[in-house]
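Chemist: Dock chain one against chain two, each of which comes alone in its own frame, and use the hints as you go.
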Amino acid sequence: MDQTTLNIIVVGLSFALYFGIAIWARAGSTSEFYAAGRGVNPVVNGMATAADWMSAASFISMAGLIAFVGYNNSLFLMGWTGGYVLMAMLLAPYLRKFGKYTVPEFIGDRYYSNTARVVGVICLIVISVTYVIGQMTGAGVAFSRFLEVEITTGLYIASAVVFVYAVLGGMKGITYTQVAQYCVLIIAYTIPAVFISLQLTGNPIPGLGLFSNMSEGLPGGVEAGVPLLTTLDGLLTDLGFNEYTATTNPWLMALYTLSLMIGTAGLPHVIIRFFTVPKVADARWSAGWALVFIALLYLTAPAVGAMARLNIITTMWPEGTQGEAVLQEDLPDWFQTWEVTGLLGVEDKNGDGRIQYTAGDDNELVTFNRDILVLANPEIAGLPGWVIALIAAGGIAAALSTAAGLLLAISSAISHDLIKSVINPNITEKGELLAARISMAGAIALATYLGLNPPGFAAQVVALAFGLAAATLFPALMMGIFSKRMNSAGATWGMIAGLVSTCTYLFLFLGVFFIPGTNALTPDQYLFGIPPTHFGPIGALFNFVVAYVVSGITAAPPKEIQDLVESVRIPRGAGAAVNK
Amino acid sequence: MADNSGNNAYWSANLRLVTICLVIWALCSYGFAILLRPLISGIEVGGTDLGFWFAQQGSILVFLFLIFFYAWRMNKLDKEHGVDE
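Protein sequences appear in the order of chains A and B.
Throughout the first sequence, residue numbering follows our numbering, covering 1 to 580 in sequence.
Throughout the second sequence, residue numbering follows our numbering, covering 1 to 85 in sequence.
Worth flagging that the hints you see were computed from the coordinates, not collected in a lab.
Please note: incorrect hints may appear among the correct ones.
DSS-like cross-link-like pairs, simulated, lysine-lysine; straight-line CA separation at most 30 Å [unchecked claim]:
1) LYS76/B / LYS484/A
2) LYS79/B / LYS559/A
3) LYS484/A / LYS79/B
4) LYS430/A / LYS484/A
Bound conformation, chain B alone (with noise of 0.2 Å):
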C-alpha cells in the first residue's frame, strides 16, 4: 500500500472532483431544471423553456456526462497516485 501521505493527496483530489460534479449535477437538476427555470425562460427550445428542456433530458444528458467524466478522472488519478490496479 502507498504510504498515507500519498494517500491523502489522492482522497483530498477525489473529494474536490466529486464537489465539482455535484455542483454541476444540482445546478443542471435543482436549478436549470426547477428553481432557476424562471430566469433562463426566455432561451427558447423547440417550442418551449430551456428549463422545460432541462428538466425533461438535459439534466439526463448532463448526468450521463458527469458519471463518465467522473470514472475517466478517477481512473486517471488512481495511476497517478498510484493506487490503481
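The following block holds chain A by itself, in its conformation from the complex (with noise of 0.2 Å):
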C-alpha cells in the first residue's frame, strides 16, 4: 500500500469518528448549543480546551521555530501557556459564575451598555477571524501534501467536516470532537518523539532526552556522553550559527512573552470553554488539566526541535563538522520526499558533488521550511508508513479543532450578542438556535472564502489576533471583576484606546489593513526599538489608563452592578444560575 491510500485511511477513519460523535452529541438546546449544557467534566473539558487552543501553529511549526532560532523563542513555549495562570486566576471563574455564553454579554451587561457590547463583538469577531483564517490554510495546506489533493480541494473538505459536527453539534459537538481530536494529535505528536529522543539520548521521555548526554555509535563525530544541548552549539557554532542556548535581547523578550501570555488570556475561544462545567470551582481545576494536556505537547516540542536540528546537522556533515559533508547521492530517503514539496532544496553551488550546510553565502541547503521538522519527523527517525499518516490525522486535527472553536466563538456573538440581545430580544428559543446554526454556517462560508483567497497580510494577522486579545478584552473583563468602580463610559473608552493604539501601531509599521507598501514608517524607527509584534502589553495599558481616567471623572455605576460585580466574586449559585 503506498503512503497516500494509508493517510487517506487513517484520515478517513479520524474524520469517521468526529461525524459519529457530532451525531451522537447534537445539540438540542440554545444552552447545548453554546455551553455543552453546563454538563462538562473539568478534566474532559481541560483536554478539549487543549484542542481548542493547539492550533496548526502549535502542532506543525513551533517546534520549527525554536529549532532554527533556539533559546530566544522560548517565548513561544511560555507566552502560549503562562497566559492559562492569568486566565485561571483573574478570569474563568468568575466569568463561569457570570453564567451566561459569551465574552461580549459580560461586557454588555457588566457595563449595562450595548455600546460596550458591540464594541465587544467588533474585538472579538475582528480577533477570531484573523486567527480561523491561519487555520483554514494550515488545514488546506496538510490536507495537500498529505492526500495529495489541491490546496483549495483541502480546503473545500476541511469546511465541510467542520460544518457537519460545528452546525449540527454546537458547542456540545465541538467539545466531543476536540477530545477526540486532542487523543489523535497527541499521539502522532509524540510517538515520532520518543523514538528519536530514544536514538539520540536513550531517554524514553523527550523532554528529559533533551537535557540528556548523548547514546553511543550516533552519526556526525558525536561524542557520547556529552550532553545534547553541548553538543548542539558545538555543531551550531562549528558552521557559523547562532549557540543554540544563546540570548540576544531579554527585555524585547520578555515584552513579546508577555505580549503572547495576556492575549492568551483574553483570546475568547478559549473563555468560553470554561462556561461548560458545572461549578466555579471545576472552572479553577479545569484550567490546570488543560495545562496539563497543553503540556504534554509543550514540554515535547522544545525537545523535538533541538533533536531535529542536530539531526540534520548529522545528517549533512556525516563525519562531523570538521570532515567532509555528505554526498550528494547519498542523502537519505525523506530529503527526495520533501523536495518534491518544495519546502527542501539543495543546490551543489561548488560543484563537488558533496551538499555543505553551513550559516554563510555557501551554504547548499538553500531551502529548508521549518514546518518539515514535525512532518518528516517520522521519516527522519525512519518509522514505518502508519506514523506518517497519523502525522497527517493529527495537523488535520489540530487545525479543525481550533477552527471549530473560533467559529462557535463568532457565530454566538453574532446570534446571541447581536441578534438575541440587540436586535430582536423577543426571539424565541428555538427562533435562537436556528440563528445560532446558521450564524455557524454563515462563518464558516466567510473563513472558506478567506482561506481561498487570503489577505496579503496573512503573516502579520496572528500578532494582530494576540495584540487585540490583550489590549482590548482581557483588561475590559478582568476590570469588569477586579474594579467594582469601573463603569460604562470607561470600560468603553478603554477598549476604543486599545483598539486604535494596537491598529495604529501595526498599521504605522505594516502597511494599513497590512496592505504591503502603505506603511508610513520602517523598522528602524520603532518607538523604543519595540517591534509591532510585541505591542500587546502597551495597548494593554493605553485601556488601563483610559478606562481608569474616564472611570474616575464619570458617575459611578448603579448599584445592580455593583451588586453583579459582587457575585461574580463569590462561586456560590453558579449551578443554580444556569440556563435562566
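Modeler: The following block contains the structure:
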C-alpha cells in the first residue's frame, strides 16, 4: 500500500470518528449549542481546551520555530502557556459564575451598555476571524500535502467536516470532537519524538532527553556521554550559526512573552470553553487540566526542535563538521520526498558533489522550511508509514479543532449578542437556536472564502489577534471583575483606546490594513525599538489608563451592577443560575 | 448569600493568594528564564544553564503547579467562608 492510500485511510477513520461524535452529541437547546449544557467534566473540558488552543501553528510550526532560533524562541513556549495562569486566576472562574454564554455578553451586562457590548463583539470578531484564516489555510495545506489533493479541494473538505459537527452539535459536538482530536494529535506528536529521543539519548521521554547525554554510535562525530545541548551548541558554532542557548535581547523577549500571555488569556474562544463546566470550582480545576494536556505537547516540542536540528546537522556532516560534507547521492530518502514539495532544496553550488550546510553564503541546503521538522519527523527517525499517516491526521485535527472553537465564538457573538441582545430580544429559544446554526454556517462560509483568498497579510494577522486580545478584551474583562468602580464609559473608552492604539502601531509599520507598501514608518523607527508584534502589553496599558481616568471623572456604576460584581466574585450559586 | 463583611474577608484572601501566585509566575518566567538568567547562569543543568531550563520547561511546570495550587487553596477558602456550592 502506498503512503497516500495509508494517509487517506487513517485520516478518513479520524473523520468517521468525528462524525460519529457529532451525531451522538447533537445540540437540542441554546444551552447545549453555546455551552454544552454546562455538563462537561473538568478533565474532559481541559482536554477539549487543549485541542481548542493548540492550533496548526502549535502542532506543525512551533518545534521548527524553536529549532531554528533556539533559546530566544522559548518565548512561544512560555507565552502560550503562561496565559493560562492569568486566565485561571483573573478571568475563568468569575466568568463561569456570571453564568452566561459569551464574552461580549459579560461586557454588555457588566457595563450595562449595548455600546460596550457591540465594541466587545467587534473586538471578538476581528480577533477570531484573523485567527481562523490561519487555521483554514493550515488545514488546506495539510490536506494537500498528505492526501495529494489541491489546496482548494483540501480547504473544501476541511470546511465540510467542520460544518457537519459544528452546525449539528454546537459547543456540545465541538467539545467531544475536540477530545477525540486531542487524542489523535498528542499520539501523533509523541510517538516520533519518543523514538528520536531514544535514538539520540537513550531516554524515552523527549523532555528529559533534551537535557541528557548523547548515546553511543551516532554519526556526525558526535561524542557519546556529552550533553545533547552542549553537542548542539558546538556543532552550530562550528558551522557559523548562533549558539542554540544564547540570549539576544532579554527585554524585548520579555515584552513579547507578556504580549502572548495577556493575549492568550483574552482569547474569547478559549474563555468560553470554561462556561461548559458545572461549577466555579470545576472551572479552576479545568484550567489546570487544560495546561496539563497542553504541557504534554509543549514540553516535547523544544526536544523535537533541538533533536531535529541536531539530526539535520549530523545528516549533512556524517563525518563531523571538520570532515567531508555528505555526498549528494547519499542523502537519505526523506530528502527526496520533501524536495518534491519545494519545502526542502539543495544546490551543489561549488560542484564538488557534496552538500555543505553552513551559516554562510556558500550554504548549499538552500531551502529548509521549518514546518518540515514535525512533518518529516517520522521519516527522519525511520518510522513506519502508519506513523506518517498519524502525523497527517494529527495536523488536520489540530487545525480543525481550533477552527471549530473559533467559529463557535464568532457565531455565538452574532446570534446571541447581536441578534438576541440587540436586534430582536423577543426571539424564541427555537428561533435563537436556528439563528445560531445559520450564523455558524455563515461563519464557516466566510472562513472558507478567506482561506481561499487569504488577504496579503496572512503572516501578520496572528500578531494582530494576540495584540488585540491583550489590548481590548483582557483589560475590559479583568476590570469588570476586580474593579467595582469601573463604569460603562471607562470600559468602552478603554477598549477603544486599546483597539485604536494597537491598530495604529501595527498599521504604521506593517501597512494600513497590512497592505504592503502603505506603511508610513520603517523598522528602524520603532518606538523604543519595540516591534509591532510586541505591542499588546502597551495597548493594554493604554486601555487601563484611559479606563481609569474616564471612569474617575464619570458617575459610579448603579447599585445593581455593583451587586452583580459582588456576586461574580463568590462561587455559590453558579450551578443554580444556569440556563435561566 | 453570606453577609457582606464575610465576603470582604474572602475577597481579600483571594487577592492575597492571586498576588502571591502571580509574583512566583513572573519571577520564574520573566525573572529566571529571561531577565535574571545571567544571575543564575552558574547553575548547570543537562549541558546548559538553569535559565535555559526555566525558559524551555521549568516555567511551564511552575505554571502547572500554580494553577493547581490556586484551585486547591481557593476551593478550601470557599468552604471556610461558606461561599462554596
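Chemist: For every hint, state whether the structure bears it out.
Modeler: Outcome of the hint check:
1. Distance check on the hinted pair: LYS76/B and LYS484/A sit about 25 Å apart at the alpha-carbon level, within 30 Å; holds.
2. Our distance criterion of 30 Å between C-alpha atoms is met by LYS79/B and LYS559/A, whose separation comes to about 27 Å.
3. Distance hint between LYS484/A and LYS79/B is fulfilled; the C-alpha atoms sit about 24 Å from each other, no more than 30 Å.
4. Distance check on the hinted pair: LYS430/A and LYS484/A sit about 36 Å apart at the alpha-carbon level, beyond 30 Å; violated.
This entry does not satisfy hint 4, going by the numbered hints stated previously; all others are met.
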